[in-house]
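Listed in order, the protein sequences are those of chains D and W. The opening position of the first sequence corresponds to residue 58 in my numbering, with each subsequent residue numbered one higher. The opening position of the second sequence corresponds to residue 70 in my numbering, with each subsequent residue numbered one higher.
These are computed hints drawn from the structure, not numbers from a lab. Just so you know, these numbers come straight off a predicted model, no measurement behind them. Any given hint might turn out to be false.
Computed list of lysine-lysine pairs in DSBU-like fashion (alpha-carbon distance at most 30 Å, straight line) [unchecked claim]:
id, chain 1, residue 1, chain 2, residue 2
1, D, K150, W, K417
2, D, K325, W, K417
3, W, K571, D, K367
4, W, K354, D, K199
5, W, K468, D, K226
6, W, K255, D, K226
7, D, K150, W, K243
8, D, K325, W, K468
9, W, K312, D, K374
10, W, K571, D, K366
11, W, K528, D, K150
12, W, K350, D, K186
13, D, K325, W, K354
14, W, K521, D, K325
15, W, K312, D, K325
16, D, K230, W, K528
17, W, K528, D, K226
18, W, K107, D, K230
19, W, K107, W, K477
20, W, K439, D, K186
Rough simulated footprint, nothing fancy, chain D against chain W, three-plus residues with beta-carbon under 8 Å [claimed, not checked]:
id, region
21, 128-134
22, 224-236
23, 247-261
24, 272-283
25, 393-403
We put the beta carbon where it would ideally sit given N, CA and C, even for glycine.
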Amino acid sequence: MKYKIIVITLCVFIAISCSPTKEEEQGVFPYEIHQAKLENGLNVVTVPYNSPGLASFYIVVRAGSRNEIEPGKTGFAHFFEHMMFRGTEKYSKEQYSEALKAIGAAANANTWWDRTVYHMTGNAGMLDKMFELESDRFMNLKYSEADFKVEAGAVKGEYTKNYSSPYMKLYEKTYNTAFTEHTYSHTTIGFWEDVVDMPNQYEYSLEFFNRFYRPEYCTIIVVGDVTPDKVDALAKEYFGSWEHGSYTQEIPKEPEQTETRYAHVQEKNFPPVLGLNYKDPAFSVENKDMAVLDVIGSIAFSEKSPIYKKLVVDERKVRQLDAGGLDMVDPGLWSVDAVLVNPDDMTEIKNEIEGVLEKLKTEPVDSADLAQAISHIKYNYAMDIDSPDAIANSLSWYTWLTGDPASVNKAYARYDNITPEDVMDVAKRYFVPQHLTVSTISADEEYVEPETLKTDM
Amino acid sequence: MKKLVYIFLISFSINALAQEVVELPMESNKVVVKLAFKNGSVTDPVGKEGLTNLTAALLSESGSDTYTKSEIDNLLYPMAASYGTFTDKEMTTITFQVHKDFADQFYEIIRSVLLHPSFAEQDFERVKSNTLVNITEVIKASSDEEFSKMALEEQLYAGTRYAHMKVGTADGIKAITRDDVVNQYKAYFTRNNVIIGIAGNYSQDFLSKIKTDINSLPDTQPDIPVVETPAMPDGIQVELVPKPNNLGTAIYTGYPLAINRASEDWAAMMVVNSYLGEHRKSYSKLYQLIREQRSMNYGDYTYIEWYQSGGSNQLPLTGFPRSQNYFAIWIRPVQTAYSLKSQYSELKDIETGQAQFALRMALNEIERVKNEGLTQEEFELTRQFLRSYTKLYIQTPDKQLGFLLDSKFYGLNNYISELDIALSKLTLAEVNAAAAKYLQTDNMYVTMITDKGEAEALKNSLLTNKVSPMSYSNVVRESLPEEVFNLDEEVEGLRINIKNVKVIPPEDLFID
């Protein structure tokens, strides 16, 4: 009975939330997405949204730490994001700061594995000025070598503040262990030695700008109290003369992992942590494997899962439990993470988790559980997109993942036809010990798994 | 920005059943409800520090007389509804957000938790254990920055009900029993100390149900203690917290500030604060001096009220209105000697890192602004920024509702719009008078989470006002203009009024 209610409600939700008139455009994203491509290849996306006087302006650069392929240059995409605030011929860094302050916007930028995003939310009446400032620095960035060297200290400061957390140390070590060739082996901020060496890389920074700060790598997204005509006209005016680049690169392929690996951080006076990190697929709207893994995370490890009720609520051996993977351009990691009460339970909890994963391979999940997990994922998304900034941020994900913000609807459509058989199939293919990296934090010098208890899957 | 006059934001209060209700009907696919209780860590009994937060946490982490926690998890899961509590010093907010499709179905479940919470023993033990490990281990190890803020408040508010963290102290949590939780719920989560806030796409029937239910909460008159005003410290009192092999020193300072959002001088101090150290903004003075010109850290900011989770939020959150404020300087981690020595051979002989110099630089600038004030141009630009920027605080239904509920705490109707009016009327003379009146550098508390290897040397250097030249690497030094070194020379020997420096190991903090 519960299942029926959910299915009916979900259908109502889909019908209500889709305002576009063309049937084929219907999907989870309820607003119209306008796209226009300038001659130089720059994609311009506009989503009118009822937010009187307010607009968000995003520029997505499809380059992040994944693109740092040369040795010694890890962390450079992120460092370069810092340099984008260091002025141009027209605006010195002081003038740029003043101009930004005068706009009164919430403006910032951030870098991640696959992309760098620059964003401003503010007065829609200032859109012209936003375009002017952004086009100037994206097309004409100019900073001195001295400024370059000084800014490197800020990146070191960022690393320093992050590195006080054992979780950050484990995050760095886990990716470094799980990946040997692919650039996901270093986190976005880069290796410490490369961060320390950054002031000496001025020439490389010019090359980096020349490579990626080009229209074919970038997308403009404007959401809020705006019209597509106005946005397109401003884009043409300010970005029309931006020259197309020519850089392409080959990202190193990660060889298939052949045995379980271990990443450990020693930390006294900290709750023990256990992570099981399996290689997962690249994001694709054509392939639903990642969507199936999302559903598995929900069904098998959320608050309503049997293992959560057993280990967290009833036995109180685990303080926190969750699972999931990031949507990434290349294959990444899908993880189950547990914070434990007692370090002596580490192996037992690992076996419990592996038992759940093993069961997924052989026993079909309940179809009501499946429907509920899909409902959860979709409603969660629908409630999140309630401001220009949140909408632009959401579309930025699909822009860097696929190049097309409208793929958000295809991405969510992947969940519609997931079957219990799909779940078994995905579990069999991805949850294998040779693709596993075990990550741990404990007071011990290293994590040693008792030989007799190793799971043979 | 005038157009940003929240067309859907029709705020009004209704006095029905003697209840205070803030309504924000608007076009939306969801309903947001906030129940703001006037209680908080100040209502924790002595010896049971953390009780109010634990009680609130259990409202979302245990079941009711109708459903267990597990049953509630099962029922709510497909709705993706969120339901959580947040306790600060003087307010606890229960917030739920649900898609309009599920509003009635969701509320039927939640009302049983609000009115008849089970506070089940096993949930009590679980949440209590997690809270304890958070106090004794997680806060001290996860972020030196957050740690420094909590340690600063413990110093600054010592002897008052504000001193302990909202999550409590180790001894306080250990002493709490399930009966204490039940009694705290009856005494402080009552119909007499709550405001109902509702935003989004809801029906009047839905609101009526909430009002009726809230009216059936205990009729107790909660005994809310008067919050004491903390004393101004005698000189600068420094607390060093050493940790092994720390790359950075995280610095947080504060001294009591006698104004809040309802005060006449608030808008003027908003301008002073924004000019000096607007949160996460590159155009403020401290950021430019310490990060941008000298490459010392990730950012430097000032505050005239509490800013929740500043490391992860660019814009302020709601739910922590306070009658007591302090002027704070947040200097993000600067390099320790341990870190610098490992990077640069030219710095191999240093005994301390950059903490003392960073503190001197910040205090020097605050003293300058106190004495010189802002120019007309600086005032106009900062005001223009704030009049636009503060409207961005309320971009979502949740934020709009939260700021309105916080407004009520201060006796205001709508803080954001009233602040804008006050900013529009400000003069440069008022701003500079406020700077002269409220800024000072003689008396304050300072907390530094630093490296164990330099704690004693740093203590001695601070106590003796030893000259602390900035330890630039050669690669940075050769890139800096002359004016940077000129100011450095003035600042490195700046006499600051340090009266006491104590070194406290992390394990000795937040105990009782």
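A quick look at each hint next to the structure:
1. D:K150 - W:K417: Violated - the C-alpha atoms of W:K417 and D:K150 are around 33 Å apart, more than 30 Å.
2. D:K325 - W:K417: This hinted pair holds, its Cα atoms lying about 29 Å apart.
3. W:K571 - D:K367: violated (46 Å)
4. W:K354 - D:K199: Cα-Cα ~23 Å, so holds.
5. W:K468 - D:K226: violated (33 Å)
6. W:K255 - D:K226: With Cα atoms ~44 Å apart, W:K255 and D:K226 exceed 30 Å; violated.
7. D:K150 - W:K243: Violated - the C-alpha atoms of W:K243 and D:K150 are around 53 Å apart, more than 30 Å.
8. D:K325 - W:K468: violated (39 Å)
9. W:K312 - D:K374: Between W:K312 and D:K374 the Cα gap is close to 29 Å, so the pair holds against 30 Å.
10. W:K571 - D:K366: violated (46 Å)
11. W:K528 - D:K150: violated (37 Å)
12. W:K350 - D:K186: holds (19 Å)
13. D:K325 - W:K354: violated (39 Å)
14. W:K521 - D:K325: The hint holds at about 15 Å.
15. W:K312 - D:K325: holds (12 Å)
16. D:K230 - W:K528: Measuring from Cα to Cα gives roughly 34 Å; hence the hint is violated.
17. W:K528 - D:K226: holds (29 Å)
18. W:K107 - D:K230: This hinted pair is violated, its Cα atoms lying about 45 Å apart.
19. W:K107 - W:K477: holds (11 Å)
20. W:K439 - D:K186: violated (34 Å)
21. 128-134: Contact hint for the region 128-134 of chain W vs chain D: violated, 0 residues under 8 Å.
22. 224-236: Per the Cβ count (0), the hint is violated.
23. 247-261: Per the Cβ count (0), the hint is violated.
24. 272-283: Result for this restraint: violated, n = 0.
25. 393-403: Our answer is that it holds, as 3 residues pass the Cβ test (under 8 Å) against chain D, meeting three.
Against the hints set out earlier in the document, violations occur for numbers 1, 3, 5, 6, 7, 8, 10, 11, 13, 16, 18, 20, 21, 22, 23, 24.
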